[in-house]
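Protein chains in written order, with our numbering: chain A, 1 to 309; chain B, 310 to 609.
Simulated from the structure, these hints should not be mistaken for lab results. One thing to keep in mind: the hints can contain errors.
Here are a few chain A residues that sit away from chain B, every Cβ distance over 10 angstroms (derived from the structure) [said to hold, decoys possible]: (1) Leu44; (2) Ile50; (3) Gly294.
Among chain A residues calculated to face chain B with C-beta under 8 angstroms, some are [as the list claims (entries may be wrong)]: (4) Ala14; (5) Leu17; (6) Ser19; (7) Ala27; (8) Thr35; (9) Ala38; (10) Ala45; (11) Ala226; (12) Pro228; (13) Val233; (14) Leu236; (15) Ala237; (16) Arg251; (17) Gly278; (18) Thr280.
A quick note: this is a predicted structure, and the numbers were derived from the prediction, not measured. C-beta atoms are modelled at their ideal positions from N, C-alpha and C, and glycine is treated no differently.
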Amino acid sequence: VRVDARPQGECLDAETLASWTDGSLTAVERTAAETHAADCDRCLAVLAAIARTTPPPSAIQRHSWLSFRWLVPLTTAAVAISVWVLMPGSPGVPPAATPAAPAAKPAEPTVQAERDSRPQARADAPQQQKRPPAGAARSSDQAESRRSDKADAKESTGSSDRIAERAPPAAAAAPRAELKDERARTLARAAAELPGVIVSPDPAVRWRIAERSVERSTDGGRTWRAQPTGTPVDLLAGAAPAANVCWIVGRSGVVLLSTDGETWRRLAFPDKTADLVGVTARDAVAATVTTADGRKYTTTDAGRAWTVE
Amino acid sequence: LQEPRDVGLAPSTIDGLFRKADAERWTLAREEFADVLNASVGRAFATGAPSTREMDRYLAGLHVADLALAAACALGREQAWDHFVLEHRPVLYRSADALDPTGGARELADSLYADLYGMGDPGPGRRSLFRYFHGRSSLATWLRAVLAQRHVDAIRARRRTEPLPDDDGAAAVVAQENDPDRALLVPLVENALQEAIDDLPAKDRLRLRSYYVGQLTLAEIGRITGEHEATVSRHLSRTRRSLRDAAERRLREQDHLSDAQMARAFELALEDPGGLDLQQVFDLAADRKKPPRDRSNYEQ
């Protein structure tokens with residue numbers, strides 16, 4: 001079975017590829033670039049080549065931190081409440097007859113860094129040829145420089161293949177790993193639970209979205225029932241202005257509406273390439289959706305017409 | 310390419326970015342810096358006037374120090390070239406060696422270096438490749454992107470001129486073509502799979518092709534998609550399931566194949582996997598054959 005390549009538009013230029021790599025494309029540009037590269041052999045090969053020359057990323061770790069950034073105020077509040085509750089003489093706790101239990105240890109980091117933490121190979125010595133050769137001729141000092149560069153490159157490129165070797169010995173790390181795993185699972189559960197839950201004015205009725213699936217609960221989140229939407233893209237946000245009305249938006253201009261709390265229909269949206277990241281809804285016909293690049297579209301007739309702000 | 314628009318940046322904006330770029334370090338005049346800045350903004354917003362917020366966001370993300378360095382190099386300023394050679398040539402050579410450990414890409418790095426200096430332009434005067442750098446990425450990343458493009462184009466050009474290998478399997482192909490099951494079933498599988506792939510979101514297709522066609526590791530794909538390799542692995546698993554489900558649904562509902570016919574169809578399709586190996590994608594024979602190589606800790 002072969003994958004036919006039918007790329008849309010022109011191949012990505014170096015500036016776009018570099019901006020993609022550096023993460024400086026806008027959401028719209030990024031989506032367009034991904035759509036082209038997904039079907040273009042040449043651009044895919046260039047991206048692969050760039051990836052092979054890319055030092056191990058630091059952005060991923062930053063992203064992991066950012067994704068849990070909402071926990072900071074939550075954790076601070078939890079610590080403050082714990083301190084208040086445990087303080088001798090505070091209204092919630094009788095005076096302690098015995099010394100207080102030792103304070104809990106600070107939390108272990110939950111994300112294990114898997115990238116190479118070694119510093120980048122240093123730049124070469126300053127004794128370099130300043131101007132390029134007119135042809136392909138190279139002097140002996142260039143050859144020496146090349147050997148030195150090769151050694152540096154070998155160090156830097158070989159590092160990513162040694163991730164497994166850097167893992168700590170299993171026996172010594174097992175209890176800590178279990179602890180970390182448990183914390184990571186707890187955080188992941190919390191992260192997966194909270195941002196995707198859409199609570200209606202009736203607290204017992206709520207929806208939750210996870211990538212492309214939608215589930216509804218009518219008992220305050222104790223049990224959930226899947227609802228088919230027939231949507232092949234990631235769903236990103238929702239709003240429920242009534243117990244039987246819910247709007248959900250997602251990638252590629254997807255806007256879903258349920259007016260009976262059970263079934264979903266997709267509404268037409270003017271920009272089919274826009275990733276929709278937010279929605280506020282007044283009722284079953286009026287809502288405003290926000291695109292990843294900040295545009296706002298409003299409808300007052302259940303998606304038959306949209307006006308852009 | 311669209312023609313850059315004249316956006317007419319405010320003088321105070323240019324002054325601020327001129328200071329931020331420390332452009333005087335390369336004896337770059339304010340007017341020279343303003344020219345490249347306007348060219349960068351004009352190209353980015355060639356299709357329409359940006360809002361104030363879009364413009365602010367664009368200018369805040371610009372690598373103005375690299376833009377000033379590139380502009381000074383393009384104008385032949387000695388100090389700028391000295392700095393560029395010291396800072397960026399090693400990056401270029403390391404990238405070349407990462408692309409081709411045998412040293413083949415060094416030729417490309419040298420020719421790129423010559424084009425950056427403007428020696429590759431046969432026209433009157435010296436036109437440096439730096440004029441294509443507009444500061445949207447770091448200069449180092451842009452250099453790697455240009456080198457990667459040239460490397461891939463060189464490989465593709467070489468492949469076009471290589472003779473096709475002797476067709477030792479001709480007899481086997483004739484035997485396969487005489488199999489009536491194959492003639493009927495394999496095209497059905499191919500069509501079902503192709504349709505399922507076409508229906509995937511672009512990002513899923515990008516991951517799938519990067520992994521199975523481009524043979525990238527999960528970590529490398531993660532660098533392209535901005536995801537952790539464990540996330541890439543999970544997405545690939547989900548995409549595989551979705552592909553198989555979609556292909557089976559089509560074979561059952563549209564082509565009216567029975568379960569036995571479907572199993573036979575997949576079996577025949579496995580014998581000629583082509584660009585996208587069904588065995589890997591569907592994990593149809595995981596117990597019979599190991600994957601070609603372990604590409605990550607997160608390999609399924």
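Handout entry: Interface hint compliance - Ser19(A) to chain B, C-beta minimum distance less than 8 angstroms
Key = holds (4 angstroms)
Problem - Interface hint status, Pro228(A) versus chain B (Cβ within 8 angstroms) - result: Violated - the Cβ of Pro228(A) stays beyond 8 angstroms from chain B, reaching only about 14 angstroms at its closest.
Exercise for the section: With a cut-off of 8 angstroms on the beta carbons, see whether Arg251(A) makes it to chain B. Expected result: holds (7 angstroms)
Handout entry: Interface hint outcome for Gly278(A) [beta carbon to chain B under 8 angstroms]
Key = violated (16 angstroms)
Exercise for the section: Measuring Cβ to Cβ, find out whether Leu44(A) lies farther than 10 angstroms from everything in chain B. Expected result: Not fine: 5 angstroms to the nearest Cβ puts Leu44(A) too close to chain B.
Handout entry: Interface restraint verdict for Val233(A) against chain B (beta-carbon cut-off 8 angstroms)
Key = Status holds, d = 5 angstroms.
Practice task
Return the status of the interface hint for Leu236(A): holds when the least beta-carbon distance to chain B is below 8 angstroms, violated otherwise.
Solution key: violated (13 angstroms)
Handout entry: Hint check: 8 angstroms Cβ-Cβ cutoff, Ala237(A) to chain B
Key = Status violated, d = 17 angstroms.
Problem - When the least beta-carbon distance from Ala45(A) to chain B is tested against 8 angstroms, hint result - result: holds (4 angstroms)
Handout entry: Interface hint compliance - Ala14(A) to chain B, C-beta minimum distance less than 8 angstroms
Key = holds (4 angstroms)
Practice task
May I ask you to check that Gly294(A) keeps its beta-carbon over 10 angstroms from the closest beta-carbon of chain B?
Solution key: About 7 angstroms separates Gly294(A) from the closest Cβ of chain B, which leaves it inside 10 angstroms; violated.
Problem - Hint status (Cβ of Leu17(A) to nearest Cβ of chain B, threshold 8 angstroms) - result: holds (4 angstroms)
The structure shown violates the earlier hints numbered 1, 2, 3, 7, 11, 12, 14, 15, 17, 18.
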